[in-house]
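Dock chain one against chain two, each of which comes alone in its own frame, and use the hints as you go.
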Amino acid sequence: MDISTTISSIKLKNPTILASGIMDEDAGSMQRIIKRGGVGAVVTKSIGLTARRGYPNPTVIELEHGILNAMGLPNPGIDHYGEEIEKIKHLQTPIIGSIYGANPDEFIELSRRMEDLDVDALELNLSCPHTKKYGLEIGCDPYLVRKITCAVKENVSIPVFIKLSPNVTSIIELAKMAEEAGADAIVAINTVKAMKINIDLRRPILSNKIGGYSGKAIMPIGVRCVYEIAENIQIPIIGVGGITTGEDAIEYFMAGASAVQIGSGVYYRGIDIFKTVCSEIENWMKKHGYKKLSDLIGVAHI
Amino acid sequence: MKHVNLPYITKITDSRIEARGIKTLLFRYPRAVDPGQFFMIWIPGVDEIPMSVSYISQDIKGITFRRVGDATTALYKLKPDDMIGIRGPYGNGFRIDGKHILFVAGGTGIATLAPAIEKAISKGIASTVVIGAKTYEEIFFEERLKNHNAKIHISTDDGSRGYKGYASDLSKQILNKKRERFNSIITCGPEPMMKKLLETCGDIPLQASLERYMKCCIGLCGQCCIGEGLRVCVEGPVFDGKTLKNIEDFGVYRRDPTGRKIRILG
Chain A
1 MDISTTISSI
11 KLKNPTILAS
21 GIMDEDAGSM
31 QRIIKRGGVG
41 AVVTKSIGLT
51 ARRGYPNPTV
61 IELEHGILNA
71 MGLPNPGIDH
81 YGEEIEKIKH
91 LQTPIIGSIY
101 GANPDEFIEL
111 SRRMEDLDVD
121 ALELNLSCPH
131 TKKYGLEIGC
141 DPYLVRKITC
151 AVKENVSIPV
161 FIKLSPNVTS
171 IIELAKMAEE
181 AGADAIVAIN
191 TVKAMKINID
201 LRRPILSNKI
211 GGYSGKAIMP
221 IGVRCVYEIA
231 ENIQIPIIGV
241 GGITTGEDAI
251 EYFMAGASAV
261 QIGSGVYYRG
271 IDIFKTVCSE
281 IENWMKKHGY
291 KKLSDLIGVA
301 HI
Chain B
1 MKHVNLPYIT
11 KITDSRIEAR
21 GIKTLLFRYP
31 RAVDPGQFFM
41 IWIPGVDEIP
51 MSVSYISQDI
61 KGITFRRVGD
71 ATTALYKLKP
81 DDMIGIRGPY
91 GNGFRIDGKH
101 ILFVAGGTGI
111 ATLAPAIEKA
121 ISKGIASTVV
131 IGAKTYEEIF
141 FEERLKNHNA
151 KIHISTDDGS
161 RGYKGYASDL
171 SKQILNKKRE
181 RFNSIITCGP
191 EPMMKKLLET
201 CGDIPLQASL
211 ERYMKCCIGL
221 CGQCCIGEGL
231 RVCVEGPVFD
241 GKTLKNIEDF
251 GVYRRDPTGR
261 KIRILG
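Residue numbers (this note's numbering), protein chains in the order written: chain A, 1 to 302; chain B, 1 to 266.
Everything labelled a hint here was simulated from the structure, so no lab data went into it.
Even for Gly, the Cβ is constructed at its ideal location relative to N, Cα and C.
Treat the hints with care, as some may be off.
[As the list claims (entries may be wrong)] Beta-carbon label-pair distances, calculated as ranges:
(1) B:Thr-135 / A:Asp-116: 47 to 53 Å
(2) B:Asn-246 / A:Pro-220: 39 to 45 Å
(3) A:Gly-289 / B:Ile-9: 52 to 58 Å
[Said to hold, decoys possible] 30 Å max Cα-Cα, derived DSS-like pairs, lysine-lysine:
(4) B:Lys-79 / A:Lys-35
(5) B:Lys-242 / A:Lys-196
(6) B:Lys-77 / A:Lys-35
(7) B:Lys-261 / A:Lys-133
(8) A:Lys-35 / B:Lys-261
(9) B:Lys-242 / A:Lys-35
(10) B:Lys-195 / A:Lys-87
(11) A:Lys-87 / B:Lys-79
(12) A:Lys-275 / B:Lys-245
(13) A:Lys-209 / A:Lys-35
(14) A:Lys-89 / B:Lys-79
(15) A:Lys-89 / B:Lys-245
(16) B:Lys-245 / A:Lys-87
(17) B:Lys-261 / A:Lys-132
(18) A:Lys-196 / B:Lys-195
(19) B:Lys-164 / A:Lys-89
(20) B:Lys-77 / A:Lys-275
(21) B:Lys-77 / A:Lys-209
(22) B:Lys-79 / A:Lys-209
(23) A:Lys-209 / B:Lys-261
So that you can see chain B by itself, here it is in the shape it has in the complex (with noise of 0.2 Å):
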């Protein structure tokens, strides 16, 4: 393979809905990736959109997602044997090293950590792991982990299953049993979430992945930039705590595709 930022065309091999809306893709791509790396999947006549690896094998990888918007909802349709486009793998990846890590997934954000996760326990780390999400529905990659045994705790928003209420309460909990001693947290997930994790953390270390609107992912259109000039996809998507408490939109505001502010959800 050309190491041109160009779409690479490749063939769907096989698709599983993972829970209630999210569904995984595989697909042949043999560039070396690491977790916390994400892709430019194009599908074509549609959009492209950036998009964390979900499964790294030499030869196979996968990205796994919710519907939510047009693109992903034609991604949702596609099949094994549909074309789309790859390009990447795109920005820094996670730190993975230290003796014990605390894994926070919001939402979707356990797709982006389950390769790191895997990464971790085959180093021999020890791996704690918060997923969580809006209903017991969402829940997914439970089983995937437990595999590797990692310890997770669940949390949803509405008391369907294990702990009632968000992932970053949750972990306030966890990191406050003085048993456990944890020598750096990673987290994906909603930007506040993440945001109060960080605000809670103390002096353990920190790696976040973020998400923005992104256009050219080669470092050049700042679209996705934060602070002074950070762009998303060279120097990100994962920033340590250091970096993200001088970010003052950190959890608050992102920029459309015109580039105007808007507001993060809490």
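Isolated chain A, as found in the complex (with noise of 0.2 Å):
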């Protein structure tokens, strides 16, 4: 059986990675991901040149289908971070670089740091729902995605991925922007916009009011975008929102994504969430005939 993948010039032992802010904090916390969660490739914090503290809590909440977030993009600074990457490089398993910056010059000062940190390829963060300035507030702009992505890929060799929003009228338009500007893959979905109110206290929960939904009742949406994009784009997607079975898994395969992100998932199933989905995955190809992953991608496209 095989579920190897390739995304650009990355190959992947198996297409589960960890996303973006999950467990991903510092060194020991990939490290368990990658020795004792069994996963494919990790994506770090999303890093900016200077640390950040995020929002106060409540950050995280869970609701009764998913959960909601609005961390505010804590992480300490590509200066501090460079260390936690420096430790779990000799574990062989690809890194991919998450960055976030507010203009073009931000994205490629990170990008070359990423790149001098020796990351496998980078994620960028073009998609964050609820942070001022940063994420979506460029995200949502094709000429910006454009911009940023053909600036970024002047300055770097390494692959470069765009992690795009469902918070827009068209993410469609925004993959074909990113392909064009020269992006080695699309990533979708980030979170989608959404809020709680407690109706005691008639005020929302999260303290940034407006937070990022996951888990399970998003992947609908997921599979979705990534069928959209994958009609209109040639380079690879990866498929990201709600995953926490090997069948959701081979949903978004069918859609056309060539590997996938597991976030919240690590919630609902624990740490080994990834070894699980790859065994359903290969237990659902064994039982349908399938030899090969990549025999599944796209197929749902009739």
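Here is the structure:
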């Protein structure tokens, strides 16, 4: 059974990737995900030029069908995060460096720094739904997406992945722009903008009021986005949003994803969800006569 | 109560001052809690912070804390009928077994240990308790535990009551007395104190309750991780001595909300 997959020049032993923002604040937690979780690759926390505290709590709450968060891009800044990356390099699992910036220059600086740290690929966070000046605020403008992607591509030689938001009029336009600008893969989707109000206190629970919704509830949105993007571009897609089982992952592959990221799933099924999902994928493939994962990619485009 | 990690809004039913700058708030929260587990306490408009449970009865639960930062100062000002949000309990709690347990508390650590001591005594386990504080005015829960027949030793940094010095030093003396044989040590307090205790406890199994800055408390964000990805909110907050011996940062470093390592002051 071959469940290996390739995204641009990155070869993954299996198609499960740790999503950004989950268990990736320090080397130790990523090490645990790699060694015990059985992940195919990890995406780092989204890193900026300087340290950010993020928002006060409450920053994460669980709702009936998903998880709502507004962390506010907390991170120690690229100067300090570098050592965390250094410590996990020897584990031989691809590391995808996630970065966020307010303008093309910040993205250029951060991508060069990440490349110097020897990460295997970059993921540009153009989709965080709840932080002013960053993420979605620039990632909803197709021209800015093109400008930033071009700028980064001109400055680094490692593959560049663009993480997109579903909170836009047309995710297809954004994906096309990114492809035109030379992106090596599209990551879809980031969390869905959402809010939870406590009716006893008559106020939103998250300190930032608005957050990003993830987990089971958003999977159909993610699958739709991947499906639509796949019909319009040639570069690989990494599917993310609500995956907790092997069958969920297979749905994404059929929609056109070459790999999947898992985040909230770590809450639903624990640290070894990556291993579990892989064996569920293998079981399904065996049962249905598939020998290679690549034979499944995009088959739902009928 | 639905088991979702969302704040449950409840009214403060009672509050009392336990010692200088230290207060208890009681509220209705009908979910089962084990000693050593903690809640996330939401103070609307201010913050949400982790806090171990200091009173456990079927319906009423309590927290006991020192006024130190913005969140605890806001909490300190709350009165009966004010509303707070609670989620949890989180974490693993203490393993309470054996014939004789030495409990070592530093500062507000006794708030975490008190329900564990009560549980030990109710199970017929002999309980020796060291309560360490900066000064005599900050000692609390002494009467509460005496009423349960715990054997209590007091230490103060300034010598204003009991042994002059740290709780870990007094514990060392107690451990050195051959007459006292302990099956286990349970501790909560400043990390350098707990680390010292770990270094002196020899082969007596130790359990220590740790505190870290927390965000999600459901094992996702990684903010509270120590060692190789051990989540204080899920695999902790209570860790055994064997595990802690392999964690370089124990007693030395914690991480601030940005994720940057900062030294723990001794």
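We went through each hint and held it up to the structure:
1. B:Thr-135 / A:Asp-116: 47 to 53 Å: Since Thr-135 of chain B and Asp-116 of chain A have Cβ atoms about 52 Å apart, the given range 47 to 53 Å holds.
2. B:Asn-246 / A:Pro-220: 39 to 45 Å: 44 Å, holds
3. A:Gly-289 / B:Ile-9: 52 to 58 Å: 53 Å, holds
4. B:Lys-79 / A:Lys-35: Since the Cα atoms of Lys-79 of chain B and Lys-35 of chain A sit roughly 49 Å apart, the hinted pair is violated (cutoff 30 Å).
5. B:Lys-242 / A:Lys-196: Measuring from Cα to Cα gives roughly 42 Å; hence the hint is violated.
6. B:Lys-77 / A:Lys-35: 47 Å, violated
7. B:Lys-261 / A:Lys-133: Given pair Lys-261 of chain B, Lys-133 of chain A holds - Cα atoms ~27 Å apart, limit 30 Å.
8. A:Lys-35 / B:Lys-261: It holds: about 23 Å lies between the C-alpha atoms, which stays within 30 Å.
9. B:Lys-242 / A:Lys-35: 20 Å, holds
10. B:Lys-195 / A:Lys-87: Holds, at about 25 Å.
11. A:Lys-87 / B:Lys-79: Since the Cα atoms of Lys-87 of chain A and Lys-79 of chain B sit roughly 49 Å apart, the hinted pair is violated (cutoff 30 Å).
12. A:Lys-275 / B:Lys-245: Status holds; Cα separation ~29 Å.
13. A:Lys-209 / A:Lys-35: 36 Å, violated
14. A:Lys-89 / B:Lys-79: Between Lys-89 of chain A and Lys-79 of chain B the Cα gap is close to 52 Å, so the pair fails against 30 Å, i.e. violated.
15. A:Lys-89 / B:Lys-245: 25 Å, holds
16. B:Lys-245 / A:Lys-87: Within the cut-off at roughly 20 Å; holds.
17. B:Lys-261 / A:Lys-132: At roughly 26 Å apart (the allowed maximum being 30 Å), Lys-132 of chain A and Lys-261 of chain B satisfy the hint.
18. A:Lys-196 / B:Lys-195: 42 Å, violated
19. B:Lys-164 / A:Lys-89: 49 Å, violated
20. B:Lys-77 / A:Lys-275: 48 Å, violated
21. B:Lys-77 / A:Lys-209: 24 Å, holds
22. B:Lys-79 / A:Lys-209: Given pair Lys-79 of chain B, Lys-209 of chain A holds - Cα atoms ~26 Å apart, limit 30 Å.
23. A:Lys-209 / B:Lys-261: It holds: about 29 Å lies between the C-alpha atoms, which stays within 30 Å.
Hints 4, 5, 6, 11, 13, 14, 18, 19 and 20, counting from the list given before, are not met by this structure.
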